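Protein chains: 2
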Amino acid sequence: MQEKIINYVEHNDLIGLKNYLLELNDADISECLDDLPEEDAAVVFRLLDKDKAANVFSRMESDTQEKLVNILSDQEVGEIVNKLFIDDAVDLVSEMPANLVTRILQNTDSSKRSYINAILQYPEDSAGSLMTIEYEDVYMDMTVQDAFDRIRKTGMGKETVYIVYVLDNERHLVGLVSVRKLLLSDPEAKISDIMERKVVTINTHLDKEDVARMFDKYDYIAMPVVDSENRMVGIITIDDALDVMSEENEEDFEIMAAMSPSEDSYFKTSVWDHTKHRIVWLLVLMLSATITGTILTHYENAFASVPILVSFIPMIMDTGGNCGSQSSTMIIRGLATGEIELRDVLKVWFKEARIALLVGAILAVVNGVRIMLMYDNPLLAAVTGVTLVFTVILAKSLGCLLPMAAKKLKLDPAIMAAPLITTVVDTCSMLIYFNVAVALMNI
Amino acid sequence: MQEKIINYVEHNDLIGLKNYLLELNDADISECLDDLPEEDAAVVFRLLDKDKAANVFSRMESDTQEKLVNILSDQEVGEIVNKLFIDDAVDLVSEMPANLVTRILQNTDSSKRSYINAILQYPEDSAGSLMTIEYEDVYMDMTVQDAFDRIRKTGMGKETVYIVYVLDNERHLVGLVSVRKLLLSDPEAKISDIMERKVVTINTHLDKEDVARMFDKYDYIAMPVVDSENRMVGIITIDDALDVMSEENEEDFEIMAAMSPSEDSYFKTSVWDHTKHRIVWLLVLMLSATITGTILTHYENAFASVPILVSFIPMIMDTGGNCGSQSSTMIIRGLATGEIELRDVLKVWFKEARIALLVGAILAVVNGVRIMLMYDNPLLAAVTGVTLVFTVILAKSLGCLLPMAAKKLKLDPAIMAAPLITTVVDTCSMLIYFNVAVALMNI
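Residue numbers (our numbering), protein chains in the order written: chain R, 1 to 443; chain E, 1001 to 1443.
Treat the hints with care, since some could be wrong.
[Stated by the list, open to error] The calculated lysine-lysine pairs, modelled on DSS-like cross-linking and capped at a C-alpha distance of 27 Å, are:
id, chain 1, residue 1, chain 2, residue 2
1, E, K1018, R, K198
2, R, K268, E, K1408
3, E, K1190, R, K153
4, E, K1112, R, K181
5, R, K4, R, K268
6, R, K18, E, K1217
7, E, K1018, R, K50
8, R, K52, E, K1190
9, E, K1018, R, K52
10, E, K1181, R, K52
11, R, K217, E, K1018
12, E, K1198, R, K18
13, R, K153, R, K112
14, E, K1347, R, K18
15, E, K1004, R, K217
16, E, K1052, R, K217
17, R, K268, E, K1217
18, E, K1067, R, K217
19, E, K1268, E, K1067
20, R, K181, E, K1050
21, E, K1112, R, K67
22, R, K50, E, K1198
23, E, K1052, R, K190
24, R, K217, E, K1347
25, R, K153, R, K181
26, R, K407, R, K347
27, R, K181, E, K1347
28, R, K217, E, K1050
29, R, K112, E, K1181
30, R, K268, E, K1407
31, R, K67, E, K1347
32, R, K217, E, K1268
[Unchecked claim] If you want the ones that stay clear, here's a sample from chain E, every Cβ over 10 Å from chain R, calculated:
id, residue
33, N1007
34, N1070
35, E1079
36, L1105
37, S1126
38, D1168
39, I1194
40, M1195
These are calculated hints, taken from the structure and not from any lab test.
All values derive from a computational prediction rather than experimental measurement.
Just so it is clear, CB atoms sit at the ideal spot from N, CA and C, and this is done for glycine as well.
Just chain R, with the same shape it has in the complex:
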């Protein structure tokens, strides 16, 4: 598809290109434009009709949007932004550098501009910042026929997805009616008689992760957003919830692997920016690991007299790290999906402790058998076995308690993932190991 577009541009066959673009889906065109050089992208973009252009624009990556805004005239920018749904316009404005924001807003209709500014007032991660205001509202004393007339008149913006909201005179949300219900009802029926009065609403200040979770639970295709007085202010559609969910997941994957999260694509991020995202945690963890190193220097005598002790350091450290990261992953995800709550802390710890006891025992036995087969040294088997059991219990305890402590302190539990847990467990496991060795082996 992309090669075909490039071919048209190179041969300057704009009529052929225009016809070809008509056959393509908006999402596919956006994806192509993201990968084209900016001059070519502008050529292609100008061939799209206004509505399609707005739709394609709203789906492009923000750096492609930025490049296009730089190339297009003030008038062209204004035409696109005026065609965007409010939530897409807000996304655009919140990702552009300040000078472009000024240019964009100067060329936007004043009513649209004031809506954009209103939504920009909401905190960045709140439901308010996600919503759009293109919804259909009706009043209780209208008939089904009135509602249809209203829908036909306003053209029913795409974002409403077939639910009409029933408001009272002060714009309080009192109910909703699906278009399906309207279609199946008598045209003379009153809205107040057919509307659904049990409405699940989202408060403007709800965190966007909780918004995604509500969509996952209730399976609605759109949900109404209300202020603290239950006045309707907008709607959120399920496709935006899907976007939030995938963004939040990617963010968690990156944080849990000791990186600063970034929304940019892998290939478009420069080597230097990748390095910046990765180096901070690596430095912190590298310097923390020196604590473990310092502990080891205290036991020089132990491994000078029993050198084989050194060879079990990797096994104990890795096993501790793996056990800790298993637990921390379960707890971090449980906290993220809402399955585990802070008040469950004792229940969780008790569960992890029992799992740790079982896991530790199995590992100690297998390890003991291996040592007996390889070295026939029961004392060594005992030292490493006891160390394993204590290390696993400690690792799994820290793995569940640290993420919950982070949550309690209003930090992101995801920072308490494998890398940090491993470093902490390393220190503790080495202390356990050499203390057990010194005690049992009388070094």
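Assemble chain E onto chain R, guided by the hints.
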């Protein structure tokens, strides 16, 4: 909410309970039933009217469904299953033990049973297994008015979400019309004149992860599923795509932390089952770590003569592991979201190698400064610095190449995450460390 329900049940106030249930949302009732003892759950469930019962039932966890099916009579089971949408009925049947499946199917209407059996033929992770057959179809020569009549007659099942599919006489998909378009069109207009002919379709055999990705890209609320001859066989709705996305993500989080994935909830999984999910990888990794241990025994002379060398083992191993898991996380996620493809392997490796060089250099300098301040030992700074640079390059190379190799071998790239990478990198980093030490320190 749950306490209130328990209170009603304990006081045997079934009328009060029934009225209270009317006020609640189906998803909330399901969540309560999941947590109630089974006898109480059955009492509550029997108070729901048939449609609501089916809806509540389809949202419950599968073990709650199993318990209820065990308590309810054959007739009650039949009534529920006959009310379920096909995709929910298929989910139910594919998660129940064999004896219950027989009982469920025996009490299902024969037409519904044959649909269920047809969908069960599709591979477990395919689009076919996700779809439902409750969609609205119209023909090209119908008018808008005919289409509305048809919608009113069939009642327009919830799962269709307002898109009507246009088929030819052999049930090939030729277009689609949104209800919005129907509402805005002249009642006498022909469907063939107003339909959208560019339809993005899903093949029955597409993997369900790719299905979720298509919804993420195209933002449709439902997409048609066709067989290899473009004959319409069903639709998939966005709420099911959202479910797939969250399941697949949780699965990846668990695999990447060296656990066997499980769909059961944390608290409902027994200690023994948790242990089973975790122990296999721990044993594999523990035994693999002994390779690193064996390498260390070969260098007993080195750390016997320079004991301080031992104290840098944790720092080098942890840094290598962290660097490797950063890269493997980026690549595993990139492969999962489709951002990175197998043919990008050289581009990815070149990028990671340059990042590794930068990261390695920064870590080596900071580590060198620390060693000079603490020990004033330039030789030690050089040995650990050189080791760090090589280890980071190796870790990041393995971190990007192993997941891609897994993908190439049709394995899940997620198994090449932090735990496995760490174990492999440990072995290599210790070889590098002691070889560098022996060479530079003339041990």
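To see whether the hints hold, each was checked on the structure:
At roughly 16 Å between alpha-carbon atoms, K1018/E and K198/R fall within 27 Å of each other, so this suggested pair holds. Only pairs whose Cα atoms come within 27 Å are accepted, and K268/R paired with K1408/E is accepted, the gap being roughly 24 Å. Distance hint between K1190/E and K153/R is fulfilled; the C-alpha atoms sit about 22 Å from each other, no more than 27 Å. Between the alpha carbons of K1112/E and K181/R the distance comes to roughly 25 Å, so the proposed pair stays at or under 27 Å and holds.
Proximity of K4/R to K268/R is assessed by CA-CA distance (about 23 Å); at most 27 Å being required, the pair is judged to hold. Restraint check for K18/R and K1217/E: satisfied, since their Cα atoms lie roughly 23 Å apart, inside the 27 Å limit. Our distance criterion of 27 Å between C-alpha atoms is broken by K1018/E and K50/R, whose separation comes to about 54 Å. Between K52/R and K1190/E the alpha-carbon distance is near 24 Å, which keeps this suggested pair within the 27 Å criterion.
With a C-alpha separation of about 51 Å, the suggested pair K1018/E and K52/R falls outside the 27 Å cut-off, and the hint is violated. In summary, the hint linking K1181/E to K52/R is supported, as the alpha carbons are separated by about 17 Å, within the 27 Å threshold. This hinted pair checks out: K217/R and K1018/E have alpha carbons roughly 23 Å apart, not beyond 27 Å. For the given pair, K1198/E sits about 16 Å from K18/R by alpha-carbon distance, which is consistent with the 27 Å threshold.
The straight-line distance between the Cα atoms of K153/R and K112/R is roughly 20 Å, inside the 27 Å bound, and the hint therefore holds. Pair hint K1347/E plus K18/R does not hold up; C-alpha atoms about 33 Å apart against a cutoff of 27 Å. A hinted pair counts as satisfied when its Cα atoms are at most 27 Å apart, and K1004/E with K217/R qualifies at roughly 21 Å. Under the criterion of a C-alpha separation no larger than 27 Å, the hint pairing K1052/E with K217/R is consistent with the structure, at around 16 Å.
Using a Cα cut-off of 27 Å, the hinted pair K268/R and K1217/E holds, with the two alpha carbons roughly 19 Å apart. Distance restraint check for K1067/E and K217/R: the Cα-Cα separation of roughly 21 Å lies within the 27 Å cut-off, and the hinted pair is therefore satisfied. This hinted pair checks out: K1268/E and K1067/E have alpha carbons roughly 14 Å apart, not beyond 27 Å. The suggested pairing of K181/R with K1050/E holds, with an alpha-carbon distance near 19 Å, which does not exceed 27 Å.
Between K1112/E and K67/R the CA atoms are separated by roughly 54 Å; this puts the pair beyond 27 Å, and the hint is violated. Taking the CA atoms of K50/R and K1198/E, the gap is about 19 Å. The hint holds against a cut of 27 Å. Note on K1052/E and K190/R: the hinted pairing holds, with a Cα-Cα distance of about 24 Å set against a maximum of 27 Å. At most 27 Å may separate the alpha-carbon atoms for a hinted pair to count; K217/R and K1347/E exceed this at roughly 40 Å.
The hinted pair formed by K153/R and K181/R meets the criterion: a straight-line CA distance of about 19 Å does not exceed 27 Å. Taking the CA atoms of K407/R and K347/R, the gap is near 16 Å; set against the 27 Å cutoff, the hint holds. For the given pair, K181/R sits about 54 Å from K1347/E by alpha-carbon distance, which is inconsistent with the 27 Å threshold. This hinted pair checks out: K217/R and K1050/E have alpha carbons roughly 21 Å apart, not beyond 27 Å.
For the hint pairing K112/R with K1181/E, the CA-to-CA distance comes to about 25 Å; that is within 27 Å, so the pair holds. Proximity of K268/R to K1407/E is assessed by CA-CA distance (about 23 Å); at most 27 Å being required, the pair is judged to hold. Of the pairs offered as hints, the one joining K67/R and K1347/E holds, with about 24 Å between alpha carbons and a cut-off of 27 Å not exceeded. Using a Cα cut-off of 27 Å, the hinted pair K217/R and K1268/E holds, with the two alpha carbons roughly 19 Å apart.
With a cut of 10 Å on Cβ distances, N1007/E stays outside the contact zone with chain R, its closest approach being about 21 Å. No beta-carbon of chain R is positioned within 10 Å of the beta-carbon of N1070/E; the least distance is around 25 Å. Consistency note on E1079/E: stated as away from chain R, and its beta-carbon is indeed over 10 Å from all of that chain's, at 22 Å minimum. At roughly 26 Å from the closest C-beta of chain R, the C-beta of L1105/E stays outside 10 Å, upholding its exclusion from the interface.
Remark: the non-interface label on S1126/E is consistent with the geometry, its nearest Cβ contact in chain R lying 21 Å away (cut-off 10 Å). At roughly 20 Å from the closest C-beta of chain R, the C-beta of D1168/E stays outside 10 Å, upholding its exclusion from the interface. No beta-carbon of chain R is positioned within 10 Å of the beta-carbon of I1194/E; the least distance is around 15 Å. Distance check for M1195/E against chain R: the nearest CB is about 15 Å away, which clears 10 Å, and the non-interface claim stands.
Comparing the model with each numbered hint stated earlier shows that hints 7, 9, 14, 21, 24 and 27 do not hold.
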